[in-house]
Amino acid sequence: MKISMAIRSLRKPLLHRTAHLGNPPPLPSFPKLSEFAVSVAARPRPIVASSAALEWRTGERTCRRGGFFSGSSGHSKAPGSCFYSNGGAASSSYSGGSGSSYLELTDEELMRQCEMSTFKSSGPGGQHRNKRESAVRLKHIPTGIIAQAVEDRSQHKNRASALLRLRTLLALKVRNAVDLEAYSPPKELLQILPLKSTVRGSDCGPQIGPNNPKFMLGVQALLDLLSALEGSVSEVAKLLGLSTGALSRLILSDDSLRLAVNELRASKGMKPLK
Amino acid sequence: MKPCTLRPSFVRAWPCIASNFSTSFFQLPPPPPPPPLAHARNVTQIRHRRFHSSLSAPPPPLLASSPPSLPPPLFLRPPKHTTTVSELLEWHSWAKSLAASVGSSFEDSDNGPDSSLLCRELNWLMDDVLHGFDPSLMGKAVARDDPDIVISLRADVQELYSLWKQRIEERRPFQYIVGCEHWRDLILCVRDGVLIPRPETEIIVDLVGDVISKDEGLREGLWADLGTGSGAIAIGIAKILGNYGSVIATDLSPVAIQVASFNVQRYSLQDKIEVSEGSWLEPLKGVEGKVAGLVSNPPYIPSDDISGLQAEVGRHEPRLALDGGAEGMDDLLHLCNGAASMLKPGGFFAFETNGEKQCEFLVDYMQNQLPGSFCNVNTLSDFAGIQRFVTGFRNR
Numbered sequence: 001m002k003i004s005m006a007i008r009s010l011r012k013p014l015l016h017r018t019a020h021l022g023n024p025p026p027l028p029s030f031p032k033l034s035e036f037a038v039s040v041a042a043r044p045r046p047i048v049a050s051s052a053a054l055e056w057r058t059g060e061r062t063c064r065r066g067g068f069f070s071g072s073s074g075h076s077k078a079p080g081s082c083f084y085s086n087g088g089a090a091s092s093s094y095s096g097g098s099g100s101s102y103l104e105l106t107d108e109e110l111m112r113q114c115e116m117s118t119f120k121s122s123g124p125g126g127q128h129r130n131k132r133e134s135a136v137r138l139k140h141i142p143t144g145i146i147a148q149a150v151e152d153r154s155q156h157k158n159r160a161s162a163l164l165r166l167r168t169l170l171a172l173k174v175r176n177a178v179d180l181e182a183y184s185p186p187k188e189l190l191q192i193l194p195l196k197s198t199v200r201g202s203d204c205g206p207q208i209g210p211n212n213p214k215f216m217l218g219v220q221a222l223l224d225l226l227s228a229l230e231g232s233v234s235e236v237a238k239l240l241g242l243s244t245g246a247l248s249r250l251i252l253s254d255d256s257l258r259l260a261v262n263e264l265r266a267s268k269g270m271k272p273l274k
Numbered sequence: 001m002k003p004c005t006l007r008p009s010f011v012r013a014w015p016c017i018a019s020n021f022s023t024s025f026f027q028l029p030p031p032p033p034p035p036p037l038a039h040a041r042n043v044t045q046i047r048h049r050r051f052h053s054s055l056s057a058p059p060p061p062l063l064a065s066s067p068p069s070l071p072p073p074l075f076l077r078p079p080k081h082t083t084t085v086s087e088l089l090e091w092h093s094w095a096k097s098l099a100a101s102v103g104s105s106f107e108d109s110d111n112g113p114d115s116s117l118l119c120r121e122l123n124w125l126m127d128d129v130l131h132g133f134d135p136s137l138m139g140k141a142v143a144r145d146d147p148d149i150v151i152s153l154r155a156d157v158q159e160l161y162s163l164w165k166q167r168i169e170e171r172r173p174f175q176y177i178v179g180c181e182h183w184r185d186l187i188l189c190v191r192d193g194v195l196i197p198r199p200e201t202e203i204i205v206d207l208v209g210d211v212i213s214k215d216e217g218l219r220e221g222l223w224a225d226l227g228t229g230s231g232a233i234a235i236g237i238a239k240i241l242g243n244y245g246s247v248i249a250t251d252l253s254p255v256a257i258q259v260a261s262f263n264v265q266r267y268s269l270q271d272k273i274e275v276s277e278g279s280w281l282e283p284l285k286g287v288e289g290k291v292a293g294l295v296s297n298p299p300y301i302p303s304d305d306i307s308g309l310q311a312e313v314g315r316h317e318p319r320l321a322l323d324g325g326a327e328g329m330d331d332l333l334h335l336c337n338g339a340a341s342m343l344k345p346g347g348f349f350a351f352e353t354n355g356e357k358q359c360e361f362l363v364d365y366m367q368n369q370l371p372g373s374f375c376n377v378n379t380l381s382d383f384a385g386i387q388r389f390v391t392g393f394r395n396r
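Protein chains in written order, with the UniProt record's numbering: chain F, 1 to 274; chain H, 1 to 396.
Please keep in mind that the hints were generated in silico from the structure rather than gathered at the bench.
Take these hints with a grain of salt, some might be off.
Unchecked claim - Derived DSBU-like pairs (lysine-lysine); straight-line CA-CA distance at most 35 Å:
| id | chain 1 | residue 1 | chain 2 | residue 2 |
| --- | --- | --- | --- | --- |
| 1 | F | Lys196 | F | Lys274 |
| 2 | F | Lys157 | H | Lys96 |
| 3 | F | Lys157 | H | Lys214 |
| 4 | F | Lys157 | H | Lys165 |
What the hints assert, rightly or not - Sample of chain F residues lacking proximity to chain H, with all beta carbon distances greater than 10 Å (derived):
| id | residue |
| --- | --- |
| 5 | Ser202 |
| 6 | Asn212 |
| 7 | Ser232 |
| 8 | Arg249 |
Being a predicted model, the structure only gives us computed values, none of them experimental.
Every residue, glycine too, gets a C-beta built ideally from N, C-alpha and C.
Given only the sequences and the hints, what does the whole structure look like? Please build it.
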């Protein structure tokens, strides 16, 4: 009936605000997982596929972090100067080595690794303009991963949403090497496992779900392991003390995790989990 | 922070008006339309602009009986109206098709909003009208295909028709329609006669946050937001100052003073922010050389550009808050002089400007007309890459 369709179209905008972390609303330019090859090479550095050139709108101007109270007297009108710096040497806080360390950074530290821009800059802006376009786009410089947020009413909140989304993308896309010989699951992975896992000690506390910010740390470790085991869910399940069915249920319980696992399996020529 | 409902102490603060502040506040008479060339705010000595006699006129009485009065912001109203799902949907699809009919015509004529932006605003309007609404009710209506399920609204459906008509046909700004603007993590009430805070201006609060994180002395001092409008910057700063320091927010417009006070009270910051009526620096008399920080988003649009503004801005927002004189610099230059006299040694200032040209002019002015007054003067871009802010410190 007509009314059902109309109601559905009405509900969508009301609902997505609460659900956007796990399921980012579809945005036209949001990079698809498939744009990032997933690599399994056992190297000590994070591997991010370099689909470097993710084209954005032409004419967009970005505004990079840069020393804005860099101490020099007089004045600077360097076009790059902007806020979000805490003085120079911002990038030194980026700890090379393991990709999982990105997720351990504070928001501020992570933000300092990003280039932030708004979508459009036609016209003089400021007081001239009242268009409520508060969309924000973050580009994570070390990995080239892009996250954006458009749906909220304030730029400030869109920035926070974009940063959360960036954390999710970093967990899903940056693969770390795993030493299979001496593997023992890290605590953040154990915490997202169901209680019946035989390798999960009692000190892990209750199972962490997708609404907990720490969930993504576990997801990252799980994907690292799955990647090292060539996409085999049953092999991963063995190492985690779970039945294949139980691990599958965990994977299918979160959309972003399911999509990432299936991307990974597809790249190995395996069937998707359903 | 979730905005609270009005607190009793707030009502006590306004015993003269009414028991329900949100209602009484918005029953203030709307400001008279500004005379075409009034720059009442300007008292600068730099350009010797005419000091308008309207300045000395008494502010309008608090409880003027003269209509029209404005209803309170949608999101603060009680959900006392009811309607059926089908009636609401009928309104929604009408509103959506009205928005769609705009296409890109506003954008083409004056860089106004296009259909897709208007549709997003429509969703936000739904958010405010259906605040606290339980979507499962809609689910039930779908499941049972029952269009007669009753839901509660903060405005009746007839008013929604009229509001959306104003939005599209009169180009009345969305923020005046719903009575609020989401800015940083705040929800600020706004109404006709007060400038709607812009996303660019959010950065000023970040700049202050950066400065006080490095200088405890500044955190503990007095901060001034001149020409505060809705109180946005003052409230943003007060929140990041935490338990330290205090803020004074000034504005020439009595309506802005009322709105800013209202917002300050909503966030329970009345002990931290003093809202004071007066032109620019006048309310700061007695603290010369003692102010830790001075920030402002003054009117900076050149007078000749006012007529070409986007309709939402040019037709509806207060000219007093937009028109910065022939070059748009009158108030900014006045503020530069003010910063030199008001700031304590090491004190910080940040001003929003119209863009690169004004930024450069100000930097040059400070160097050549106020030599030795400031150090670390810098210009900063907004997120669209436009040179938007001038910042610096009073020389020690």
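Going down the list of hints, with the structure as the test:
1. Distance restraint check for Lys196/F and Lys274/F: the Cα-Cα separation of roughly 22 Å lies within the 35 Å cut-off, and the hinted pair is therefore satisfied.
2. Distance hint between Lys157/F and Lys96/H is fulfilled; the C-alpha atoms sit about 26 Å from each other, no more than 35 Å.
3. Proposed proximity of Lys157/F and Lys214/H is supported: the alpha carbons are some 25 Å apart, at most 35 Å.
4. Among the hinted pairs, Lys157/F with Lys165/H is consistent with the structure: their alpha-carbon atoms are about 29 Å apart, no more than 35 Å.
5. Distance check on Ser202/F: its Cβ is at least 37 Å (rounded) from any Cβ of chain H, clearing the 10 Å threshold; non-interface status holds.
6. The non-interface label for Asn212/F is consistent with chain H: the shortest C-beta to C-beta separation is roughly 21 Å, beyond 10 Å.
7. With a least CB separation of 39 Å from chain H, Ser232/F remains clear of the 10 Å interface cut-off, as annotated.
8. No Cβ of chain H comes within 10 Å of the Cβ of Arg249/F; the nearest lies about 25 Å off, and the non-interface call holds.
Violated hints for the displayed structure: none, as all numbered hints are satisfied.
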